[in-house]
Amino acid sequence: MARGHHDIGGSERDSGPIDRAEHELEDWEILADAVNQALGVVGVKRTDELRRAREEMDSELYRSLKYYERWIASMETILIEKKILTKEEIDRRMAAFDKKWGEP
Amino acid sequence: MGRAVSARFKPGDRVLVKMEDRPGHIRTPWYVRGKRGWIERVYGEFRNPETLAYGGDGLPKRPLYLVGFEQSQVWNKYEAAKDKLFIDIYEHWLEPA
Amino acid sequence: MSDTHDKSGEHGHEHPRHELGYYARRIYAIRDLLLEKKVLTQEDIQEQIDYQEQRSPANGARIVARAWVDPDFKARLIKDPKAACAELGIDATSLNEFVVLENTDKVRHMVVCTLCSCYPRPILGRPPDWYKSLNYRSRAVSDPRGVMREFGQSVGPDVEVRVHDSTADIRYLVLPIRPSGTEGLSERQLAKLVTRDSMIGVVDALPASAARA
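Chains R, B and H are the protein sequences, given in the same order. Quick note: the first sequence, position 18, residue 17 per numbering that gives the first Met the number 0, numbers continuous. Quick note: the second sequence, position 42, residue 41 per numbering that gives the first Met the number 0, numbers continuous. Quick note: the third sequence, position 189, residue 188 per numbering that gives the first Met the number 0, numbers continuous.
Worth flagging that the hints you see were computed from the coordinates, not collected in a lab. Accuracy of the hints is not assured; some may be wrong.
Said to hold, decoys possible - Calculated cross-link-like contacts (lysine-lysine; reagent style BS3-like; alpha-carbon spacing at most 30 Å): (1) K65/R / K105/H; (2) K81/H / K9/B; (3) K60/B / K82/R; (4) K76/B / K105/H.
Sequences and hints are given; from them, build the entire structure.
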């Protein structure tokens, strides 16, 4: 039987102390939050779909990504699934950013 | 809130959460499957997230309940006897206990 | 928009562009493409940024403080939370269903979303980092008293702790107990005692002395 990597209520693996440090949101996180909400408002995606995309991603990736990184990954999955964007065009835009801003 | 004219359970009814494991988008947490509790409140009818998650319309709507559990029944080593846990669970995950 | 900084209206911490990581770059690429394809407009995005900026725990604190001073309001808040919010000019209409959980000397509530990060955002704004953490999501259900202890809150053995795992369209707000010695305080002073964490239920409201600080 398989338990989803998101379904962690009571899981032993996550039983450590809670990190209560808070960080001020960075621009890209606020943007990710807003694009996500706006896509819902215009009817392009449902929150349930994004949750499902996060549940289907690689388990170690799910655990290692920051919160809004997970959101971005799931938004990309759903936008590609719905044929609104292609991975190639996002990659091309990324390459242009790398050229303009320098590699991360 | 949608009206739950077809709700199968009423507050106070004893229920068992189905012990099911299947692929797909499921909002019934793993830790509560197979546990016994009671209907605390009937919330009404809501679209089904299990099909909404795949681009479906979520219809027919499903009755949603607030289900209560004794913490001592959910976890093996839970000490405070009176403590309780409440979870929102769709009707198709519940059966009479 | 400059080459090194984004000036498009987000008000968070600005990162020099060359330091942005993979996913941060990815969202700028996605945003640009969505605008070019007219899936979204800049106004659609800005509207959401502005909306979230207006949402903060201060809204919840106003609701709680009013409930503390006005028993009739409290009764309405518990019976029909969205209508009660509207009385205070707080728009809760985007919440599918909103439930207020009243703490008493005998019962304490605590809210979690073990499956993702469901949170009453239209009332309290975006959730804190710890609320979204794997350890909180795991332990809130199986060890709520331990979590409260970690947050500095002791709960007696005679008190019943009720954890709510929000797994569906219902959003929960805890109405903390009015602290003792606050009889002389104004509604505004009382609101200062109502912290975000007290409305999630991991701690009580601040003591009366904090209102004068």
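Going down the list of hints, with the structure as the test:
Among the hinted pairs, K65/R with K105/H is inconsistent with the structure: their alpha-carbon atoms are about 38 Å apart, more than 30 Å. Proposed proximity of K81/H and K9/B is supported: the alpha carbons are some 24 Å apart, at most 30 Å. With a C-alpha separation of about 28 Å, the suggested pairing of K60/B with K82/R holds against the 30 Å cut-off. For the hint pairing K76/B with K105/H, the CA-to-CA distance comes to about 23 Å; that is within 30 Å, so the pair holds.
In the structure shown, a violation is registered for the earlier hint numbered 1 alone.
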